[in-house]
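**Student:** With the hints as your guide, set chain B onto chain A.
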Amino acid sequence: AQSVAQPEDQVNVAEGNPLTVKCTYSVSGNPYLFWYVQYPNRGLQFLLKYITGDNLVKGSYGFEAEFNKSQTSFHLKKPSALVSDSALYFCAVRDGSSSNTGKLIFGQGTTLQVKP
Amino acid sequence: EAQVTQNPRYLITVTGKKLTVTCSQNMNHEYMSWYRQDPGLGLRQIYYSMNVEVTDKGDVPEGYKVSRKEKRNFPLILESPSPNQTSLYFCASSFTPGLAGAAEQFFGPGTRLTVL
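Here the protein sequences come in this chain order: A and B. The first sequence maps to residues 1 to 116 in the numbering used here. The second sequence maps to residues 1 to 116 in the numbering used here.
I should point out that these hints are in silico values taken from the structure, not numbers from a laboratory. Here the structure is a predicted model, which means the values were calculated and not measured. Where hints are given, some of them may not hold.
[Stated by the list, open to error] Listed below are the simulated DSS-like cross-link pairs for lysine-lysine, each with C-alpha atoms no more than 30 Å apart in a straight line: (1) K18(B) - K69(B); (2) K49(A) - K18(B); (3) K49(A) - K71(B); (4) K71(B) - K18(B).
Looking at chain A on its own, in the form it has when it is part of the complex (with noise of 0.2 Å):
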């Protein structure tokens, strides 16, 4: 069964330090792979997504994702964090070879706290 788990509930940085949001995933065919934002009573918004080719993925607001297949995880990245960063974030997948349902399974979400 495809799953995909954000294991930090929370993740606290300080303004201008790296950040990382982790994933990983389980599906039994080739994975496609998403990450979206949700600011505070907003619906979700794509940030990237990985599909094939190569394993660092770069998307808006400065986010990149980087897949890795042995771990198989797509952890989220930014080199350095602002405020305006604190949201919620999900992680998401699709089998890439299963019937084309279109559906994404989603991991529960990683809060995000950018504090100045």
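**Tutor:** Same frame as chain A, now just chain B:
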């Protein structure tokens, strides 16, 4: 502006009173989906639609109905709401997952439903 809209944004109702949450997208997407978000569980898919008149169950379809009579609209219907359907609901859309590769999904702003 490309967007997914949902109405209402907030709704408080009572057990058994039928309600409909509307969803509309202006991006000519074939694929649409409904998710519910509950604390600690991430987002779970309720129903999805690959195109007009084509709908199918997601992971948590019990107590919900959908229809897809037009490409842009995908309403979610709760015929007899119960308190366990109190949740935050998101509609999403994308190009066909298979044809467009791993197309990212665009999310609406959410509908917060409380069933008393």
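**Student:** Look at each hint and say if it fits the structure.
**Tutor:** Here is what the structure says about each hint:
About 20 Å separates the Cα atoms of K18(B) and K69(B), which keeps this hinted pair within 30 Å; it holds. A C-alpha spacing of about 38 Å is found between K49(A) and K18(B), which places the hinted pair above 30 Å, so the restraint is violated. The hinted pair formed by K49(A) and K71(B) meets the criterion: a straight-line CA distance of about 26 Å does not exceed 30 Å. Restraint check for K71(B) and K18(B): the C-alpha separation of about 24 Å stays at or below 30 Å, so the hint holds.
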